[in-house]
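S.K.: Sequences are here, hints too, so could you generate the full structure?
When we follow the working numbering, the leftmost residue of the sequence shown carries the number 4, and every step to the right adds one.
The set of hints was computed from the structure by calculation and includes no laboratory data. Please note that a few of the clues may not be correct.
DEER-style ranges, computed between Cβ atoms [as the list claims (entries may be wrong)]:
id	residue 1	residue 2	range
1	Gly-132	Pro-232	20 to 28 Å
2	Ile-10	Lys-114	37 to 45 Å
3	Gly-112	Lys-137	29 to 37 Å
Glycine included, every Cβ here is placed at the ideal spot set by N, Cα and C.
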Amino acid sequence: MQPTSSIVNITPGLAEEMLKCNNSNFRPLDQSRVLRYAKEMERGNWVMNGQGIVFDATGELVDGQTRLAAIVKSGMTIQMLVVRGVGDVSMTVDRGKPRQLSQWLRHKGMKNATSMAAVSRLVLSHDRGLWRNKSFKSYDIVDSEIISFCEANEDELYSAIRLGARSQGLMVGSIAAAIYFIGSGGSPSASETAEWFSDKLQTGKGLVEEEPVYHFREWLISFNKDIRPSANAIRWTMTNAWNMTILGKTSTTKRAIVLALSGPRAQTPPNQVLVEGQI
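M.R.: The following block contains the structure:
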């Protein structure tokens, strides 16, 4: 029996019927990937790329369970290639190395692609109201959103990454870069506050103890190489230090920066943006 192929408009109902043939698949369904695919489908970003829904000669589904489950989840009808009648291919399917988002950005001609992807994901998560979450799920921000955001904000993301890189050795540069981008309203290259904050965080020169960035810097330095604060703690603590800085707030102790339970409520100064979600 020779395999046959056809282009099929797969409705949620047809996807459910196809999934009934998924009896010999030994891989558990990755629900986070299902949700990510479903979001891409709902946004109209899913395209037919030649990768097929594959059934073997006995009618068993051997490739495509995640995509079919995403169709059911999204409620969308998606056009896909369907291949039927292949031999035993269970040990040859999904054995390749997946393409990374950073590789795609690099292919689009972007420098610092890994940092671009990381900073964009953080900024989009903030804009989505997820800044206070302890973790961002892979399906919260999908790849197509990150690519579009990078393309629309390439130069300013580079500026934010440059500022964030100054804090390497103290903290993850992408977190700092995201806060500089958000806090400057998307224009870190024109933000004197972002330039000043990043310089003082790097060098500590000229800082006095009343300045929030002083206490944030001292807090970071207080950890040794074996005990480091979590990325969430760093993100929230820098958020406090940034917001207090742009509002002209002072602090006499590190505790006010690290353990602040609510953010400033004063009017945001012109051209500066309060970063959402203080601890």
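S.K.: Are the hints correct? Go through all of them and say.
M.R.: Hints, verified against the model:
no.	hint	result
1	Gly-132 x Pro-232: 20 to 28 Å	holds, 23 Å
2	Ile-10 x Lys-114: 37 to 45 Å	holds, 39 Å
3	Gly-112 x Lys-137: 29 to 37 Å	holds, 35 Å
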